[in-house]
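Line by line, the protein sequences are chains Z and Y. Remember, the working numbering sits 1461 above the position in the first sequence when you count from 1. Remember, the working numbering sits 1461 above the position in the second sequence when you count from 1.
It is worth saying that the hints were derived from the structure and are not from the lab. Treat the hints loosely; a few may be bogus.
A pair counts as met if it fits within one copy or between any two copies, since identical chains are not told apart.
Below, computed lysine-lysine pairings styled on DSSO-like, alpha-carbon distance capped at 30 Å [as the list claims (entries may be wrong)]:
#1 K1540 - K1719
#2 K1662 - K1719
#3 K1713 - K1674
#4 K1739 - K1662
#5 K1734 - K1662
#6 K1719 - K1546
#7 K1674 - K1589
#8 K1465 - K1734
#9 K1734 - K1674
#10 K1546 - K1465
#11 K1739 - K1546
#12 K1662 - K1607
#13 K1713 - K1734
#14 K1719 - K1695
#15 K1734 - K1589
#16 K1662 - K1695
#17 K1713 - K1569
#18 K1719 - K1734
#19 K1695 - K1734
Residues per chain are reported as follows:
Protein chains: 2
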Amino acid sequence: MEMKIGIVGLGLIGGTYAKSLRPYRYHLVGIDIDPLAIAYALDNNIVDEATDDPTTVLGDLDVVFLCLYPDRAVDFVRKHINQFKRDAIVSDVAGIKRYMIDQLEVYKDDIQLVFAHPIAGRETIGIKHSDEAIFQNANFVITPTKHNTEEALNLIETLARQMGFSSVARIQDFEHDDIIAYTSQLTHAIAISLVNSDDDKYDTSRFIGDSYKDLTRIAMINDDLWAELFLRNKDFLTRRINAFEEQLDLLKDALARKDRESLRELMRESTVKRGNIK
Amino acid sequence: MEMKIGIVGLGLIGGTYAKSLRPYRYHLVGIDIDPLAIAYALDNNIVDEATDDPTTVLGDLDVVFLCLYPDRAVDFVRKHINQFKRDAIVSDVAGIKRYMIDQLEVYKDDIQLVFAHPIAGRETIGIKHSDEAIFQNANFVITPTKHNTEEALNLIETLARQMGFSSVARIQDFEHDDIIAYTSQLTHAIAISLVNSDDDKYDTSRFIGDSYKDLTRIAMINDDLWAELFLRNKDFLTRRINAFEEQLDLLKDALARKDRESLRELMRESTVKRGNIK
């Protein structure tokens, strides 16, 4: 029988989940409280059916992707815990994993929770910006818990590969949160701070090159979502900010000493390290 | 009579100057000490003639672009000051302007020096990577001195526009150095420090998204050139690093206080500021 997959939250990521799974033989059900998002999904044939009332469809869904902000994903599971199909596999997309597991693992006997993080996004929001290209060659991470069955993990992994992710890794939740504090959250914190440290007395825009543009694009940020991500990962993010500032201070100190060789050594180090990332 | 333009240094930038000016009716002369660069320029019809001996051609050149690292451009002018054509217009490409003016303005009675900065580049070096696309829609800045004639400034401005720069601004040298310390040098300092603060115990590359890649691409850096740029602009760069760290500390403090509203306010500020840059 055709697998039924529900996507809760038809935004940028939910829409991209649906579009990326569309070529496969799944029955896709969209769930959203916004009638415009539902209309868009149906009008563009992104899903087979869509509703603003989860209670009418949850009992039929084999897999449910929670494409919601972390707190709202938690709220959704709590509210609808008795409506999921028996043995339904429920997976999230949150950029913080310890918090999600902490909040949701209490439901381990009711549903099969597979915690995951598609490391991909855009500076835009809403289903109209959803695009299969977002997942192409991107990384997908699963943080298994001791309650996960191998079948459930494999299914989410298969679906992630079908969606276009080129790498699917399994890793412990605290490792995920530590690494993502660096690759994603620190990166955003830097972009925010760089833009905010601009000196308003100049018309800076006439003096920028591609490097500044690339580095600051993510300073256009969804403050509602990212304040939550930052706060829920406060310990690791703070540690990563400190490690970054230590490196920046090494550079600043070399500058103060007019120490050309130390400056060059720091630059050679970063050149080699960055060169190893494709 | 056809204008003769010399390009000293057939590297990434010199090659791009030549390629960008190629569609116009100028006689282009390449000058480089590297026979491979000369052969490449001639074989690919990037210039009309090329030589490793400036003394044979300098006396004929109406315009000379010094596409060299700052110190080498200074050395070149010093060494060949008596070989330039009378009233030749000599322009540089250095990312630091106070230093260049300080070093070269002594020759104001011998040649017409127009100090300029094409704000464009790549992470690669060498004429083989030169590409007209690098200058398309990029910014070009001229820092006039009191010895410049309006004719000379206008000529370089015209040539810059012909090369594809969409904005040509005139600004005082210290303003240039202050702004570029922020938009370019701080940006590179951040990328270097971010990459170097990576925790080697993880295989970070499996957990990165586009934001990290975009932000760190410039961590692959020509240490010879950039150590020089940093040191020659030490005062402004240090001030800009400090201003950036103050902003990052605001964010870190808000995190420590679990102050969601302050975090969101910083994010909203950066979103608006960055949104104003196209």
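Cross-check of the supplied hints:
no., hint, result
1, K1540 - K1719, "between (61 Å within a copy, 27 Å between copies)"
2, K1662 - K1719, "within (29 Å within a copy, 32 Å between copies)"
3, K1713 - K1674, "both (23 Å within a copy, 24 Å between copies)"
4, K1739 - K1662, "between (38 Å within a copy, 18 Å between copies)"
5, K1734 - K1662, "between (36 Å within a copy, 13 Å between copies)"
6, K1719 - K1546, "neither (67 Å within a copy, 38 Å between copies)"
7, K1674 - K1589, "both (24 Å within a copy, 25 Å between copies)"
8, K1465 - K1734, "neither (44 Å within a copy, 44 Å between copies)"
9, K1734 - K1674, "both (22 Å within a copy, 12 Å between copies)"
10, K1546 - K1465, "within (11 Å within a copy, 79 Å between copies)"
11, K1739 - K1546, "neither (41 Å within a copy, 48 Å between copies)"
12, K1662 - K1607, "between (56 Å within a copy, 24 Å between copies)"
13, K1713 - K1734, "both (20 Å within a copy, 26 Å between copies)"
14, K1719 - K1695, "between (36 Å within a copy, 8 Å between copies)"
15, K1734 - K1589, "between (37 Å within a copy, 24 Å between copies)"
16, K1662 - K1695, "between (34 Å within a copy, 20 Å between copies)"
17, K1713 - K1569, "neither (50 Å within a copy, 35 Å between copies)"
18, K1719 - K1734, "within (24 Å within a copy, 33 Å between copies)"
19, K1695 - K1734, "both (26 Å within a copy, 25 Å between copies)"
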